[in-house]
Amino acid sequence: MHSPFEAQDSPKQDPNREPRLEVASRSHVGMVRERNEDTYFTFVSQAGGAELLPHFGLFIVADGMGGHNDGHRASKLVARTVAHHILDRLYRSLLREGHSAIQQPVQEVMEEAVSLANQALAAAVNDGKEMGTTLTAALILGSRLFLVHVGDSRAYLMQELQLSLVTTDHTIVQALQDAGQLSAEEAAIHPNRNLVYRVLMGETMEEPVDVFTRSLPRHGTLMLCSDGLTGQIGESTIARTLGEDLDLQEKADRLLNEALQTGGSDNITVVLVEFDL
Amino acid sequence: MGGFTTRQLSREQARGRNRRSGQLQPGDMLQDRYRIIGTLGVGGFSSVYQARDMRFANVTKLCAIKEMVNLAPDPKIREITTRTFEREASILATLDHPAVVSVHDYFSEADRSYLVLEFIRGKDLESILTEVTEVFEQEQVLDWAFQICDVLSYLHNHRPDPIVFRDMKPSNVMLDPHGRIRLIDFGIAKLFQSEEKNTTIGTEGYAPPEQYRGEASPAGDVYGFGATLHHLLTRQDPRLEPPFSFQERPIHAINPDVSPALEQVIMRCVSYNAAERYTNAEQLKKALEGVERRMNNLSPMAPPSAAQASPRERLQGDPSAEQLITRPRESTTVVNNIFDESTVGPIWTFRCEDEIRSTPAVARGTVFVGAYDNNVYALSSRDGSFRWKFPASDSIAASPYVYNDAVYIGSADSNLYSIHMHTGRLNWRHTAGGPIYSSPRAKFDHVFFGSDDNFLYAVSTGSGRVAWKTNAFHPVRSSAHVAEDLVFFGTEGGYVFCLDLAGQVKWQFQARRAVTSTPTVDEGIVLVGSMDNTVYALDVASGWPIWRFRTQRPIISSPVTHDGTVFIGSADGSLYAIEISSGRKIWSFETEGQIASSPAVWNGAVYFGSTDGTVYSAECSKGKLRWRFKTGGMVISSPVIDDGVLYIGSVDHHLYALPV
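First to last, the protein sequences are chains A and B. According to numbering that gives the first Met the number 0, the first sequence is numbered sequentially starting from 0. According to numbering that gives the first Met the number 0, the second sequence is numbered sequentially starting from 0.
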């Protein structure tokens, strides 16, 4: 059909641009702990040429709780359950039926994934030994970012040299800051800054988990990390490192090394995703 | 039924001596009379075949033949099994109810017994559940429920002994082509003998707990009935859920459309303790009749939209349009006496000859509004003084739109009018194939609107010529939202469409009921309400659902966004503020009527009308009431704010100018 609106043409995408998702990740036990209780998971599907599938990337960081027994089991189990549910409900449907496949709201799929992971934890508890984990899962679907988040692992978005924290820590100090009772400076040195008030422990969750979406810029870097990174190095160091002219893997290596050199008091995990959409 | 799978069955058969191996094949004859045509189903102990009765050689008389294979190695048990079969035949032969399948014949050959039954065309409810992807309407389910209840009641009242069906589940309920229910497979139905412990059990998920202890009673059928209805209304297969977990799976959590009264009845049916259920189908039927009465009395929400309610239906006295919204008691009060309940007073008012349900438009010192008296009025925004009016040949339920020097408005007379904004003279009109309840929107020198003729139109604002029209397959009463070079609108068929500027469909999304609400786009997310009670957030590029937010009643109100929040009204009486990024409720504000009016946001406050007759202003951030203004009729019109003044119409025939 003839378009009457051709004169109104909007800026079209450069036909030679190739969208891409690139991933680099590191996980390290640190300098103090005996065991790495962090888990990360990345999955990237890229399709080009004819529009087969939208870009699809799933990135998960889970930090098994240090104080609890079996923290490493918890982070592993939760990451696997969440990855399985999201890939099964969204990615497999896309492959099977194409673009029109997604019928259930994406955020509901992510909420279900967390709920299933929590149930799996409940079932896996041994002899009443407590185990728990944080969870930060990011899904890139088309040009949109979906996040589900429990605990104090974090997601950052770097865009045009501006670093912004996308998640909200479920920590006592963050709650105090939100209530205006603590400044960011005071929070950084607060003796209880490691106290997390929400983690997945297989117990009934009183509040719904944080799940939200935002559109992504054309170009940027997404970073997921455990508090072993952010507890050691500040946001200015992270922003500077991500802004440097380095390969993505070199950036991940450098972030890890910075955290190790400043003490490495906890397990350190970092996942970097550079996207061009 | 027993735990035999098909595979076990064939293995057992292969092992058997002097036994027919495997299933009957098409062409096989039984009793020199019944020719097998095909297999209808295979169960644990039995198979069901379709056969032709060759006694009627000149016509094709079909029947269903149920074959029971006697697999038990123990002769005693084999004997019991045969007796079970004979009992089924005898019971069935004595029954006389239109919903009970009739028995023509029965016989045994070797170690197999056969029951010749009436062949019922149609499908069982389980197959229908599998084929249909949508949730059944509760009216439909209630109709089936009454029919099932009726036949269960017949069985439970059977003399001398009540008959317990014992295997109530969707696959045992056939729906014939006339929409009538037929109960099939009385395989384990047995004469009720309270002292005797029965051996076989029903189907896991549908069978009551006491049946596993060998107890069968009419209350067990009540449980199976409840389990069947729960499955039909939630689409959650109880065989896949934890046993006896109905109480943890309330129906409204999955299907909010189900009336609380119906849910209450079903939940009582699936009580774990038999004593807490209805004792028999008779009692249950009484409870269902109560549900039906309440649904008929208390279900004011009918299909046509209120915001743009079809005047045709209203004028013809269609009760649905009037029932749609309960008139406030004050509706007859004279305008001068009603300000007592208001905390602000009007700057001016203007009276039309009929109700104002549409939303005004304001441009360059003039307010334009359409009324049910067929006129578009142009008034001075300063003092409400009359400038001109333009008569359409039928009522105007849609809202005017001002673009360049013209006012665009659609009418139930099927015309879209372009009127000169200063003189009120007609520039041109375009006649669609059906009434226009969709309000026009103009952009890029084209005006976009939908019609009840199922098309979405793009018409040149200069010439009135159609640039393109796109078939949406259902009436379009939603208005088009034009953003990011895309056109978004909803249809009465429940779809949200996204078109490009050439009118080509880019994607469509299906809600469960009509989408009369007009979509809006914010942060790459399309937001829209549906008559299925739900607010949907869809990805602008693909139409994928991102989240959904359920209210208690249908949504006609169109969403408006401000600062990361979407505001929308519902027929449940509340205005909702929902966070766009997460789909979580920030606050809700309850009125005493329904909110069909679409909210407007200005300077940190949200404004909206309710059918309780009041215009409200609430703070955007917390939902705290700022002021309210009581009109003399329902407020279905949406507010428009210009230069610190809010304009809104009321069913009391007045247009009000209020200070914000």
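Just so you know, these hints were derived from the structure itself, not from any lab. Watch out, some of these pointers could steer you wrong.
Unchecked claim - So these bits of chain B aren't anywhere near chain A, every CB distance computed over 10 angstroms: (1) I119; (2) Q146; (3) S244; (4) A540; (5) T560.
Unchecked claim - Derived list of chain B stretches under chain A, where covered just means 3 residues or more per stretch with a C-beta under 8 angstroms from a C-beta of chain A: (6) 543 to 553; (7) 581 to 590.
Note that the coordinates shown come from a computational prediction; the quantities given were computed from them, not determined experimentally. Ideal Cβ positions, reconstructed from N, Cα and C, are used throughout, including at glycine.
Structure-based check of all given hints:
1. I119: holds (33 angstroms)
2. Q146: Holds: least Cβ distance 31 angstroms, greater than 10 angstroms.
3. S244: Non-interface label on B/S244 holds, nearest chain A Cβ at 14 angstroms vs cutoff 10 angstroms.
4. A540: violated (6 angstroms)
5. T560: holds (14 angstroms)
6. 543 to 553: That given contact holds, which follows from 5 residues of the region 543 to 553 of chain B lying within Cβ reach (below 8 angstroms) of chain A.
7. 581 to 590: With 3 residues closer than 8 angstroms to chain A, the region 581 to 590 of chain B meets the three-residue bar; holds.
Against the hints set out earlier in the document, a violation occurs for number 4 only.
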